[in-house]
Amino acid sequence: MTLPLPLLTFLAALGATGFVARLDLGVALSRAFFVAFFVLVSCGTFLVALRFGYGIDSFVPLQRVLPLFAGPLLYLGFWALCVPKAPLMRAALLHMGVPFALAVAMPLVPGGANAADGLILLSYLTYTLLLVLLWRKGEAAFVRVRLEAVQSVRAWALWAALFLAVFLVIDGAIAVSFAFGRAENAFALISLGSVGLAVTMIAIAFTAASRGLVGRSPSIKAQPSQRAEGKSSAAEIEGRARSLLESEKLYLETDLTVERLAKRLHLPTRSLSAAINQQEGINVSQYVNAFRLRHAAQLLAETSLSVTKLVEQSGFLTRSNFYREFQRAYGCSPAAYRAAQAPQSLVQNP
Numbered sequence: 002m003t004l005p006l007p008l009l010t011f012l013a014a015l016g017a018t019g020f021v022a023r024l025d026l027g028v029a030l031s032r033a034f035f036v037a038f039f040v041l042v043s044c045g046t047f048l049v050a051l052r053f054g055y056g057i058d059s060f061v062p063l064q065r066v067l068p069l070f071a072g073p074l075l076y077l078g079f080w081a082l083c084v085p086k087a088p089l090m091r092a093a094l095l096h097m098g099v100p101f102a103l104a105v106a107m108p109l110v111p112g113g114a115n116a117a118d119g120l121i122l123l124s125y126l127t128y129t130l131l132l133v134l135l136w137r138k139g140e141a142a143f144v145r146v147r148l149e150a151v152q153s154v155r156a157w158a159l160w161a162a163l164f165l166a167v168f169l170v171i172d173g174a175i176a177v178s179f180a181f182g183r184a185e186n187a188f189a190l191i192s193l194g195s196v197g198l199a200v201t202m203i204a205i206a207f208t209a210a211s212r213g214l215v216g217r218s219p220s221i222k223a224q225p226s227q228r229a230e231g232k233s234s235a236a237e238i239e240g241r242a243r244s245l246l247e248s249e250k251l252y253l254e255t256d257l258t259v260e261r262l263a264k265r266l267h268l269p270t271r272s273l274s275a276a277i278n279q280q281e282g283i284n285v286s287q288y289v290n291a292f293r294l295r296h297a298a299q300l301l302a303e304t305s306l307s308v309t310k311l312v313e314q315s316g317f318l319t320r321s322n323f324y325r326e327f328q329r330a331y332g333c334s335p336a337a338y339r340a341a342q343a344p345q346s347l348v349q350n351p
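Just so it is clear: in the sequence shown, position 90 is 91 by the working numbering, and no numbers are missing.
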């Protein structure tokens, strides 16, 4: 007896869920949303296997509404890495409340079940666009991610958008095939989607492991040495980091990393990241950039350096990154800031 492809996909998704449950990106709620997404995928593929592999149709109503929650869970997993807990919970109520209301209403409204495919496709399209917009904001948007994971997480946001876009096309094609009575085409597409999903699940597991983002199980208690490290308060660690950055102007080094900064402070990388996040609500990258921006603002106000020279002397790698960060922090362009500060400089230095 052979196993249907959706059942093999279910097993792959279940394995990937185990890896995702141990992801250490810096925000527990983000991991919770990602785990919920992979559990949803596991359940969905299992129900598809029961329906098309073994002819069990009892769970079709549930199978048809589960995809409504895929996009919201995936998006919230990334959004949790961008905003504090309070606005995140408000966003979660909105993004999860809408599909829940639709799932409840569809069986009660005449013809509601027939609208399921259209609503799922609309959901996929909406959250594909939201993830692309989040990706376009750049690494600066992911302020709550561990510094060493920011690039990976931003890339994953784009891959997540592509994932939803692919299933938007596949599910749309399946719906059209069934609508025109071409069941054989629909079954072929289901098999294709299952293979693609299985490969994706395996790739996720290997990628997370290879990037060193799979941490210890949350259920494992900290060892005594780890508990001792926690005795240093977040405020104390942040104060030490601030003092070191200001005294040695380390923020002017373009190749400064969280590992190097933590090593100078004689702290584990995770302790430094957690302390900055807890104390300032941002990641170490954003924290260091704040020093660079203050330095750049001072140069704008007190010198006539060109922006190119100023970028080089402020620790930023590229002009585009500097412009984006400066606009976000000061609400205006560097040129506008310099123009606004010029009269004050003349008054102070006649």
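Some hints here could point you the wrong way.
[Unchecked claim] 25 Å max Cα-Cα, derived SDA-like pairs, lysine to any residue:
#: 1; residue 1: Lys-138; residue 2: Lys-264
#: 2; residue 1: Lys-310; residue 2: Tyr-324
#: 3; residue 1: Lys-250; residue 2: Arg-295
#: 4; residue 1: Lys-264; residue 2: Ala-275
#: 5; residue 1: Lys-264; residue 2: Gln-152
#: 6; residue 1: Lys-310; residue 2: Leu-300
#: 7; residue 1: Lys-138; residue 2: Glu-313
#: 8; residue 1: Lys-138; residue 2: Thr-258
#: 9; residue 1: Lys-138; residue 2: Thr-127
#: 10; residue 1: Lys-138; residue 2: Asp-118
#: 11; residue 1: Lys-86; residue 2: Leu-130
#: 12; residue 1: Lys-264; residue 2: Lys-86
#: 13; residue 1: Lys-250; residue 2: Leu-266
#: 14; residue 1: Lys-86; residue 2: Gln-64
#: 15; residue 1: Lys-250; residue 2: Glu-260
#: 16; residue 1: Lys-86; residue 2: Gly-240
#: 17; residue 1: Lys-138; residue 2: Leu-109
#: 18; residue 1: Lys-250; residue 2: Leu-294
#: 19; residue 1: Lys-138; residue 2: Ala-336
#: 20; residue 1: Lys-86; residue 2: Gly-54
#: 21; residue 1: Lys-250; residue 2: Leu-300
#: 22; residue 1: Lys-138; residue 2: Leu-94
#: 23; residue 1: Lys-250; residue 2: Leu-193
#: 24; residue 1: Lys-86; residue 2: Leu-41
#: 25; residue 1: Lys-310; residue 2: Glu-281
#: 26; residue 1: Lys-250; residue 2: Ala-156
#: 27; residue 1: Lys-250; residue 2: Thr-201
#: 28; residue 1: Lys-250; residue 2: Leu-268
#: 29; residue 1: Lys-310; residue 2: Ala-33
#: 30; residue 1: Lys-138; residue 2: Gln-152
#: 31; residue 1: Lys-250; residue 2: His-296
[Said to hold, decoys possible] Listed next, with one range per pair, are the computed distances between beta-carbon atoms:
#: 32; residue 1: Pro-62; residue 2: Ser-321; range: 42 to 52 Å
#: 33; residue 1: Ala-180; residue 2: Val-133; range: 54 to 64 Å
#: 34; residue 1: Ser-334; residue 2: Pro-111; range: 49 to 59 Å
Rather than coming from a laboratory, the hints here were simulated on the basis of the structure. Even for Gly, the Cβ is constructed at its ideal location relative to N, Cα and C.
Hint by hint, here is what the structure shows:
| no. | hint | verdict |
| --- | --- | --- |
| 1 | Lys-138 - Lys-264 | violated, 30 Å |
| 2 | Lys-310 - Tyr-324 | holds, 13 Å |
| 3 | Lys-250 - Arg-295 | holds, 12 Å |
| 4 | Lys-264 - Ala-275 | holds, 15 Å |
| 5 | Lys-264 - Gln-152 | holds, 21 Å |
| 6 | Lys-310 - Leu-300 | holds, 10 Å |
| 7 | Lys-138 - Glu-313 | holds, 23 Å |
| 8 | Lys-138 - Thr-258 | holds, 21 Å |
| 9 | Lys-138 - Thr-127 | holds, 17 Å |
| 10 | Lys-138 - Asp-118 | violated, 31 Å |
| 11 | Lys-86 - Leu-130 | holds, 23 Å |
| 12 | Lys-264 - Lys-86 | violated, 30 Å |
| 13 | Lys-250 - Leu-266 | holds, 14 Å |
| 14 | Lys-86 - Gln-64 | violated, 31 Å |
| 15 | Lys-250 - Glu-260 | holds, 17 Å |
| 16 | Lys-86 - Gly-240 | holds, 24 Å |
| 17 | Lys-138 - Leu-109 | violated, 40 Å |
| 18 | Lys-250 - Leu-294 | holds, 13 Å |
| 19 | Lys-138 - Ala-336 | holds, 22 Å |
| 20 | Lys-86 - Gly-54 | violated, 42 Å |
| 21 | Lys-250 - Leu-300 | holds, 15 Å |
| 22 | Lys-138 - Leu-94 | holds, 23 Å |
| 23 | Lys-250 - Leu-193 | violated, 55 Å |
| 24 | Lys-86 - Leu-41 | holds, 23 Å |
| 25 | Lys-310 - Glu-281 | violated, 30 Å |
| 26 | Lys-250 - Ala-156 | violated, 31 Å |
| 27 | Lys-250 - Thr-201 | violated, 44 Å |
| 28 | Lys-250 - Leu-268 | holds, 19 Å |
| 29 | Lys-310 - Ala-33 | violated, 44 Å |
| 30 | Lys-138 - Gln-152 | holds, 12 Å |
| 31 | Lys-250 - His-296 | holds, 10 Å |
| 32 | Pro-62 - Ser-321: 42 to 52 Å | holds, 49 Å |
| 33 | Ala-180 - Val-133: 54 to 64 Å | violated, 29 Å |
| 34 | Ser-334 - Pro-111: 49 to 59 Å | holds, 56 Å |
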